[in-house]
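**Q** Each chain, letter by letter, is given below.
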Amino acid sequence: MACFAAFSFSMVISILTGPLAIVIVVSVVVGLAMVVLFGYTSDQKAIGIAKDQLKAHLLAVRLYRDQIPVVMGSYGKILRGTVRYLKLAFKPLLYVIVPITLLMVQMDRYLGQTPIPVNAPFLLTVHFSSSDALNDATLALPSEIVMTAPPVHIAADYQIVWRLAGTRDGSYEMNINAGGQSVEKVVCVGGGLPRISTVRLRGQFWNRVFSSAEPSLPENVSIESISINYPDRNIEIAGYGMNWIWLFFILSMVAGFIFKELLGIQI
Amino acid sequence: MKGLWSARPTRVVLVALVFLPALAHAYAGPGAGFAVLSSFWAIFVAFLYSFYALMTWPFRQLVRFLRRRNAYGRAKFERVVILGFDGMDPDLAERFMKEGRLPNLAKLRDRGTFSKLRTTFPAISPVAWSTFLTGVNPGKHNIYDFLARDTNNYLPFLSSAEIKGPKRHIKIGKYSIPFGKTQIKGMRKGTPFWHWLGEAGIFSSVIRVPVTFPPEKFQGVLLSGMCVPDLKGSQGTFCLCTTRVSDDKFREGGVRVPMDRKNGVYRSYIPGPDNPLIEKGGELRADFEVRPDLRAKSARFVFGPEKFALEVGEYSEWVPAEFKAGMGFTAHGICRFYLKGLSPEVEVYVTPVNIDPGHPDLPISHPVTYSIYLAKLLGPYATLGLAEDTWALNEHVLDDDAFLAQAYGNHEDREKMLFDALDKTKQGLCTCVFDTTDRVQHMFWRYLEEDHPAARDVPHSEHPQVIQDLYERMDRLVGRVMERIDDDTLLMVISDHGFKSFARCMNLNAWLHQNGYLALKDGKSESGDWFDDVDWSRTRAYTMGLNGLYLNLKGREKQGIVDPAEADALKDELWERLSGLVDPASGAVGVTGVFVTDEFYRGPYTENAPDLLVGYGAGYRASWDSVMGKVTRQIFEDNTKAWSGDHCIDPRLVPGVLFSSHKFIEDKPAIVDVAPTILKLFGLALPAHFDGKPWALASPAGDR
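These protein sequence lines are chains A and B, in that order.
With the numbering used here, the residue at position 197 of the first sequence is 197, and numbering never jumps.
With the numbering used here, the residue at position 188 of the second sequence is 1188, and numbering never jumps.
Rather than coming from a laboratory, the hints here were simulated on the basis of the structure.
Hints may contain errors.
[To be verified] Below, computed lysine to aspartate or glutamate pairings styled on DMTMM-like, alpha-carbon distance capped at 20 angstroms:
{"no.": "1", "chain 1": "B", "residue 1": "K1641", "chain 2": "B", "residue 2": "D1293"}
{"no.": "2", "chain 1": "B", "residue 1": "K1416", "chain 2": "A", "residue 2": "D52"}
{"no.": "3", "chain 1": "B", "residue 1": "K1164", "chain 2": "B", "residue 2": "D1361"}
{"no.": "4", "chain 1": "B", "residue 1": "K1297", "chain 2": "B", "residue 2": "E1317"}
{"no.": "5", "chain 1": "A", "residue 1": "K45", "chain 2": "B", "residue 2": "E1306"}
{"no.": "6", "chain 1": "B", "residue 1": "K1641", "chain 2": "B", "residue 2": "E1449"}
{"no.": "7", "chain 1": "B", "residue 1": "K1116", "chain 2": "B", "residue 2": "D1091"}
{"no.": "8", "chain 1": "B", "residue 1": "K1217", "chain 2": "A", "residue 2": "D66"}
{"no.": "9", "chain 1": "B", "residue 1": "K1641", "chain 2": "B", "residue 2": "D1401"}
{"no.": "10", "chain 1": "B", "residue 1": "K1307", "chain 2": "B", "residue 2": "D1293"}
{"no.": "11", "chain 1": "B", "residue 1": "K1307", "chain 2": "A", "residue 2": "E261"}
{"no.": "12", "chain 1": "B", "residue 1": "K1307", "chain 2": "A", "residue 2": "D43"}
{"no.": "13", "chain 1": "B", "residue 1": "K1558", "chain 2": "B", "residue 2": "E1599"}
{"no.": "14", "chain 1": "B", "residue 1": "K1426", "chain 2": "A", "residue 2": "D66"}
{"no.": "15", "chain 1": "A", "residue 1": "K77", "chain 2": "B", "residue 2": "E1252"}
{"no.": "16", "chain 1": "A", "residue 1": "K45", "chain 2": "B", "residue 2": "E1317"}
{"no.": "17", "chain 1": "B", "residue 1": "K1232", "chain 2": "B", "residue 2": "E1162"}
{"no.": "18", "chain 1": "B", "residue 1": "K1521", "chain 2": "B", "residue 2": "D1535"}
{"no.": "19", "chain 1": "B", "residue 1": "K1167", "chain 2": "B", "residue 2": "D1274"}
{"no.": "20", "chain 1": "A", "residue 1": "K51", "chain 2": "B", "residue 2": "E1162"}
{"no.": "21", "chain 1": "A", "residue 1": "K77", "chain 2": "B", "residue 2": "D1423"}
{"no.": "22", "chain 1": "A", "residue 1": "K51", "chain 2": "B", "residue 2": "D1420"}
{"no.": "23", "chain 1": "A", "residue 1": "K51", "chain 2": "B", "residue 2": "E1306"}
{"no.": "24", "chain 1": "B", "residue 1": "K1324", "chain 2": "A", "residue 2": "E261"}
[Stated by the list, open to error] For the chain A half of the interface with chain B, some residues (derived, Cβ under 8 angstroms), not all of them:
{"no.": "25", "residue": "D52"}
{"no.": "26", "residue": "Q53"}
{"no.": "27", "residue": "A60"}
{"no.": "28", "residue": "R62"}
{"no.": "29", "residue": "L63"}
{"no.": "30", "residue": "Y64"}
{"no.": "31", "residue": "V70"}
{"no.": "32", "residue": "P194"}
{"no.": "33", "residue": "E214"}
{"no.": "34", "residue": "G264"}
{"no.": "35", "residue": "I265"}
Small disclaimer: the values here were computed from a predicted structure and weren't measured.
Think of the CB as a built atom: it goes at the ideal place given N, C-alpha and C, for glycine as much as any other residue.
Chain B extracted, bound-state conformation (with noise of 0.2 angstroms):
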């Protein structure tokens, strides 16, 4: 008896309790009503909800039917599935899929359609994306770059959104009170094809779509993805906190932050968005310290409320930054700490710190809950645009293994929010973008080839199985969306444009001043970046971003010096001689082709457009330096950082790919026939401003 009750004391208190007198169960303290409080009211509000769902279910499907009437009646499929892998490169597919590597994607080449698809001009991600939402031609998105050119003052801006502060503003002394919502402006214009569905009655989960931010209103959920940008306004900023004496600063991406060591413990901060409520207030920041256990190769953390452990190499989970502005303002992010190194010096990396999901600051889904939902349900997760740190890579603050645990942790909670769409959306379009595959791609195709000049110190026969790994992952996730969809299903596997090599680079800004259409200030032979030094009352061509060249044109830029009458003869001159540009140190063709816009862009926004683009050559890009406004002595050089892959280069070179679980009868599809293929496959009218062309199925595979 004894053994009893001494083994199960907790059930004696309970017994106990339950049969004594009323005073021990009227109240068993804040825990008990807590826990009977928050139980009881999810109970309630999912019953008052789901009570208001069934009743209003028949008046608001009445509603549908009369509006929409019977919105799949004319669908070919009940759903249609689209997995968008950035990157994903044609050749490289073909080949792996020879190698046996790439079982999945073989089964759907094998059933229905493995093709090149056509990539935009130029083929860069948000281009060629907003083109796959909207179905037409940059001209009519607003879309050539990543980065657009202020023609008053030749700087850049980001081309897909315009971020500003609340307009109004009330001033107490030294503080200035922002008064009203943030200001966001989306520059990508057209309408995505789901608005279309959802004008229909038809249901879409759009996941991590590029060029999706702002999120815009329709009959659906969706994340963001590329061009979200992070805490601080920019499109991601890494922190390095070091004990290390350092004057340099990272060329792009990065910040070095000291850290200071007081008693044996280290202290640092990370920096975050701008003091909203002074004037120049300079940059809030978020404390944190650093206990190491050089034994152990450890060291705890303590940032803001948590506490956490992380050994050298290894990254601790999202962490929520706070950052207080005061007077009750707080900026919400999250972050991830990297242990880089205890000794010599003690080291730390934190990722960009990325709005928080579960308490987003700017919105970054339709509806906004949607964030919320899905951080509440997976956990915290990158919401940055460009989530990978490929600058961190870049910079050798980040090694390859941990820049890979980086990109394929953030592609995990990428793929449980795909199989929970997937899960939700039994009727209707389910698309998710990963990024993973253009990322890595970009970071490790040194180890792809022989002799790139990125890899040159690692022999060839230790460069690790990088690509192949991820062309074999994204193969396994193929399987496991074909495991869960039934023939009722169109599954589609899309990327924006392919991959090659980036071993060369090239500086037209260099090249344009060498040949005399650039000028510099008296003196100089180089410029800053964004053109600093650069003369422009002689200067008749310049470039920025990665393909675009412009005139400066009397009128339209600032200090226009090009007479309209003049510019075709001047495209021409530069079309004529560009085209075909030999590396003078390879003999290879670094330039394949240069194109003239006016000849294919059409629409309301081609006078924001690059008047040429540049093609560059298979293994030759533009140079950082000549993307980012700056003139060099040299023109062509090797390419040695990790970014080592690349598709900003001739778009005929690069398409990407098309694999669909049905077969598509079409010789030379491209992105922009998608959205018109996905709205015809519901059976919706195309929309008059379309560019792209349906593409038809082979029956009877999709008939139904």
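So that you can see chain A by itself, here it is in the shape it has in the complex (with noise of 0.2 angstroms):
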């Protein structure tokens, strides 16, 4: 009994700080701040307004419905409030995918891959600017980092693939030398919820803000990206594993659903 009671509260435990307790938190969270911000940014009125029209349209098309005329004359109102709508719910939108698209960056950071396991061979794949720069790479790695096949030139594709795997856990720098200049390389080995950055890449502002989280590299260095790949993270529901955007997706939402009523706040 004491066994179970044991397990039980270490399984509760682990749940409540996995990934799982996170979206969950993360989920109701956003889903209420995001129910607030379209409250405060859309004109309320209005679009409660639209949406009564919409359903006394739809009323109309079941209470004339001997009447063709009647019926697809509704129909058409349907679309053009339909239209008018979305018009209004636009600009609380835009106010809302701001802060939501750089959360979910953030979170895809934490969630969206798990670390290399230990002694799990994983691939470095650097891209040159050109064929040349292929020629005088090489790897620095520090001692928690083996190297377990040797690298693969793909002239054609300006690549170069290492096969690598980590024999401790945590966070390490790999060195990559092109061209008489260093650059580094962060890779997270073992378990845990550390921030992953699957790519460092060179330039490309926005590539960078939604895809990496290391600095850019340096401008007169030969390399375009250095890449990692990380194993995709999935969230187990009932045996059932999902990529955590598709579970903060649907608890955001019935989150917002059941907010939005408690608020008297029209969406």
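Both chains come to you apart, so use the hints to assemble them.
**A** Printed below as a string of structure tokens:
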């Protein structure tokens, strides 16, 4: 009995501190925040009227179903009403999209991929700006990262791919030397919820905002990007694994629907 | 470049988001999700409905064709539009037409018909409109007044509908949870003529015709009118929330609710329906608070989730009023607030809580979704049968302007409903009744004549032209309707009765008492309401309601003493003594006719009819006390209430109007003829039980 209780307790703790708990909490908070933000930034009265008009035209289709001109007229009004409703939802949507997108980008750094498991092979892919740079490129590894196979040069794609493995938990810097310049790429090994950057890029500001968690590569280096193939993280629910973003989508929608009712906000 | 970017930040963000990697537009938060879901859901449902309607339309048409064989084949018109202007008076209409005030009605008169329309006995709206819609006399539709009497206890009940809670309840401790539906029994008998139209495949839109509650099924849409109760189940109970300390009670139609002050905030409540979960649990309440701003002469209101500001003398929009009984039971209503004053006392008037048309707790339309449809399309609207709060004006809770603002607010909503119905009903019947004509004439007749007791404090030269404005407004409405119809549409404007002054009240119970027909208990010279202190063992006749006079008949009334064999003699005696009764103060005839109902009511419900109808003379009417079964010392007295015009008098003096866009050949049209006329215009056979006779159209104007 004591063992079962201890097991249950540890399960609850692991759920509460695991990615599922984080996604649930963030979804509920985001659902609430978005509904409130939508409420403040939208013309609530106009949205209410637009929705009511849509419902009225839907009911007209039913009430006057034997009168085809009325039905067709109502159908046209429904389409026009939908456009009007979407226009009204557009402005608050913009306010909602910006913070939520930035939040999701940050959350994806933690929840999108898992670290490389200890002793599991992974690929480090370096993309150069020309095939010439491939010839003198070298890789310097910390002692916790080992090379498990010779590098593969893909001249046609200006790429070198190293097959590596981590021997201990932690975050490590790997140095790529090319054309007399040296740049670093961090790799996360083990478990937990470290902040993961799958790729380090040169330039490409918007791409870096959304895809990379590391500083830009120097402009004078011949390397375009350095990427690691981290495994995707699946969150298990009732034996079914799914990407956190779907779970977030569903839960924040549910939370939003609940909060909009509680707060009396028209969406 | 900088200017471009800073000037159009939203565009920049939008462009960035559109062209950025997948994560950015994979999901844009609940807002986007809701927007997309909501709009596409609407389109999807609409598409399904439309698809269903389109796919099944030919089959339905075929079935209709086989069953009804071309419904409009023998119709003289594609469409008939009936505008009911409750109480429009033919004499006033004629006078105002002569003065050039009513150009559109004059056009109808010149091109088609203008005539007096004989009303029912008695000339009371629920009676007359019931006859209009059934085509029969009151003996067949069972409506003789607003009120009927219970012969067991001499108490009144609403004649048109009976509302009871669900039959079964589950008791859990102090709670009694209702199980099942509220029982609503329509007391009006007879079949509305739109039922026969529907049977023949002719569609009808029927808006606010009186005595259509509870709504009955037929092929068409209907919004119930007069006799729809408020959320309390009454015919309209307003609420005056006030800091003024007073023990006075309103005679009828309203309650006074105290308003408490704490930290500069005034709190009060609106009384709602009785708690359905607890026996004798009292009424439910909806609290609100008022934060006055004396400088701005305005106040902020917080009422549930609603927050709004009103200036003194301003109405709110309709706001939802929810009365929570617990365990998930909530009664849904709507009401309007009116800020009467802030200094020296804070006073807020609240309209009777109407059944919420968008969330009706009782069926007020057919189909049920029709009231919801109108609420979604036009916004919330008054659903109470007697929506214009005449009691509040009578009790000086509202002034003239506030009453008119309320009445015309309702009227505008009704106009919108009419025009929507006209748009939707290109074939068939479209009928809408406007009550404004009746209410405004009731309340403002005092300004139409020189020396009305209710307006003696206002010099005649300063009398506002309220009734003139009313008729002009109705005329403009007729004009707008005429613009929307073609020659294949017959337009009729009718009223159920006319109007006359109500300057003097007559307490018929007092007359019966003083003439030995009604006895009070020993030592009493007056009775309370509803015959309190009446000695039934010595009473031979009594009156309640507006025109009905009843014998205390043995075997019918619980404490009846009049032998049925002596009934006719007693009726004759009363007829003789009351006919031509003179008001000693003025020398005018107070009662111009007494009518023995046996002689003109025919049908299965005549046993519920009054034995006699009293026809008051012009300028006279039953006093409010008499209506409420009270015996006073005085028989005749001045009427000083704002309710200064009336029609519950000798029906021969208050015919209604008939205007039509096409000429009818009929010398003495009556309201009972309307139903058979409409059926005939659509080429249908007339039911044998009809009492009315169809009017003939003058050729060739009506021929198609």
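**Q** Hint compliance check: list the failing hint numbers for this structure, sorted ascending.
**A** Structure breaks hints 1, 13, 15, 20, 32, 33, 35.
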